[in-house]
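Visitor: For the protein sequence lines, the chains are W and G, in the order given. As numbered in my numbering, residues 1 to 428 make up the first sequence, in order. As numbered in my numbering, residues 1001 to 1428 make up the second sequence, in order.
Keep in mind the hints are simulated off the structure, nothing from the lab. Every residue gets a Cβ at the ideal spot worked out from N, C-alpha and C, and that includes glycine. Treat the hints with care, since some could be wrong.
[As the list claims (entries may be wrong)] Taking beta-carbon pairs under 7 Å as the criterion, some of the chain W residues facing chain G (in silico): (1) D19; (2) G22; (3) D74; (4) M156; (5) D157; (6) R188; (7) E191; (8) R197; (9) H383; (10) A384; (11) T386.
Protein chains: 2
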Amino acid sequence: MGRALADDRALEDLVELCDDIGHRLSGSPELDRAIAWAQDKMREHGLKNVRAEPVDVPRWVRGHERATLLGDPDRPLHILTLGRSVGTPEPVEAEVVVVRTFEELEAADVTGKIVLYDAPFVTYGETVAYRSKGPSRAAEKGAVGALVRSVGPDSMDTPHTGATRFADGVTPIPAAAITIEGAELLARLAERGKQPRVRLDLGAKSEGTVSSANVIGEIPGREKPEEIVVLGCHLDSWDVGQGAQDDGGGCMMALHAARLIGTHRQAPRRTVRVVFYTNEENGLAGAKAYAEAHGSEPHIAAIESDSGTGAPAGLRADIRPESERESVFEALRPYAQPLQAIHAGGLREGYGGADIGPLAEIGVPAFGIDHDTTEYFRIHHTHADTIDKIDPTALRWGVATMTVWAWTLAEREAAVIGSSTLRGRQEE
Amino acid sequence: MGRALADDRALEDLVELCDDIGHRLSGSPELDRAIAWAQDKMREHGLKNVRAEPVDVPRWVRGHERATLLGDPDRPLHILTLGRSVGTPEPVEAEVVVVRTFEELEAADVTGKIVLYDAPFVTYGETVAYRSKGPSRAAEKGAVGALVRSVGPDSMDTPHTGATRFADGVTPIPAAAITIEGAELLARLAERGKQPRVRLDLGAKSEGTVSSANVIGEIPGREKPEEIVVLGCHLDSWDVGQGAQDDGGGCMMALHAARLIGTHRQAPRRTVRVVFYTNEENGLAGAKAYAEAHGSEPHIAAIESDSGTGAPAGLRADIRPESERESVFEALRPYAQPLQAIHAGGLREGYGGADIGPLAEIGVPAFGIDHDTTEYFRIHHTHADTIDKIDPTALRWGVATMTVWAWTLAEREAAVIGSSTLRGRQEE
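Bound conformation, chain W alone:
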């Protein structure tokens, strides 16, 4: 922990990733370069068994994107097409129906219209439903396009992209995130009886499946190398900004935790395995492929950082079954004590992370670094997710938190956390 707090090497590597490569969408040449870079970095930092494990991922291309409020004169609206949206072979022009909730959608006639979800930000977890499911539900009701108010707490006319999903059997419609300013403008015009009309012109397209990879490296365990603690993150990002906080920073925490553990006077009892997953943002193919390929190995725990690089308060823990959560917390709490020195000794129920989700599904105790996300959700999935937003001190705290928990879980005598090791689950 002390060594994690003593230098900025995680930040230095993150500068390389962000400035020399930049954003890294699944299937892009940038992600391929990042995958090569990551293997070199893992080797440079002393990780063993470094390899890229092939994963097929979707290749989606943003293309041009224009939304225009029609009038005299026409006014451009700042948008980002939502990930996996279809494009508009011909621009779509339609009246905008503004709704704030799914209930309002149900009550509205949206046939032939563009639906705008103008749902104010409450929490990311709550509000993101309008982005992930809203376009599909609008399409089901006959809309010809969907705009979603960007999911973030404030804005400088800043659109936030992100994935959207169409339910089976629903014909996709073009869908884009509009800025808070743009959404509120359309909502005010509608409320004042000045029916807004918008033209959507999106060049987005899906280009099938291409080969990508999860990048893996290890600090082999000294006694039980077959037992594994995964340190996860995702190397891919959206195709805007630099993917600095989402999730370049998380990868640097995992990488540097392994570096520090690997240069300790002895290796921990079990293997620490760093996994830079691919395709978290628009498919989770990396997460699924890892669980498929490695799910039968005994995973003691998985830890992920994928909520930015704000000051960590500790860990969120996804322990299943729920009945065992309290006893697990009780067993683990003493190990959190040292982290109280940096106010990171918390342990609470919560989400582990998307990439380690498939492991959690099969019973692996999943832990997420519990970052302060105040700043994160301002810049998440935007052009502004760049390295200059990283607080170097908070990043060191993140590395320290990852390091202490990785060490603890890999070294601790008891192999089983609750009854919920992967092997335990599978043998049931």
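Add chain G to chain W, keeping to what the hints say.
Guide: Chain G alone, transformed into the frame defined by chain W:
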């Protein structure tokens, strides 16, 4: 003052200006529409002698704007061309020389290069010199283009436009504001020895002079109608966002102060004259034309709001000669007392405003509403200067402050503030 605090009519008018017309660059059809709208509004609110006084203004058109960091792959950099910049008939491609100060510029060889001023924000007044003068000084030293780090305290990859000026005899070079994120990226690359190369492709052009107007309306004085207190603001804006805080809000303060005074039980002793100036942003032609046409009339004082719509702390006062400032403050301070109820009773030395500057030059006491500019300089000259950023309560406080001071200066027995009425100066 009580009535100013009791309703949101200034905000309602501002919504019309922003949402139904939008931004209003000098020489644009939008500004023409705003000039017509403003005259209707003045009449609706009971102002007399409403007219548009013609002013010739420059017409500058932004056109396309693209900056690209060359590499593998090329990366777009978010910019806004600076007002009055020339375009690039052919895109300009050059290495970037990063400087943080004019001293560093002097020491650098920038011949054939693009100069980036990466000067961190200190205050607007201090840092804006790099935008207004930087491109000219770079051109003098042989640079082929200039990028200026956006003048604002923070950013969500948000470029801030604004005017730049080339000194006489200097051949202009294309100049654009780059976001803080973009500037820091180029600076980091340069510092790490990875010489950045940028392509600038700007469609900006000047299209000569067109006719615009200052919009004027009055509440005629009951005893000395020939003596005038000007309430100023500028109706033009940059061609991004909505010009909501710069300076739509200021115009609404002036307009509604006059409305409230005009519906008081009796008119004040002197005339309150609202002037919505044209062309503050890129030329000051409206300010100069007004001073030329009306400079011989006896102006008691001029008040302007042109620093956003944040909570007012009181007035900044530009009293000349300086030797009289303290006695003027002493005479005026009792009138500020009622404004202390909304924490707006301050009176301090400072800048009146750009539009009333030519009046200040000829000796008219000039007062600027002293707004909290914390939020203002974040969104000033950006796509994010939109009505949703307006705090309705603070806007009411602004109207109240303008109303109280307009009434005070128009009603107060003593015609002369210090020795510095315009008439006094001219007779010297």
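Visitor: Determine for every hint whether it applies to the structure shown.
Guide: Hints, one by one, checked against the model:
no.: 1; hint: D19; in the structure: 6 Å, holds
no.: 2; hint: G22; in the structure: 6 Å, holds
no.: 3; hint: D74; in the structure: 10 Å, violated
no.: 4; hint: M156; in the structure: 4 Å, holds
no.: 5; hint: D157; in the structure: 4 Å, holds
no.: 6; hint: R188; in the structure: 6 Å, holds
no.: 7; hint: E191; in the structure: 10 Å, violated
no.: 8; hint: R197; in the structure: 14 Å, violated
no.: 9; hint: H383; in the structure: 4 Å, holds
no.: 10; hint: A384; in the structure: 4 Å, holds
no.: 11; hint: T386; in the structure: 5 Å, holds
The structure shown violates the earlier hints numbered 3, 7 and 8.
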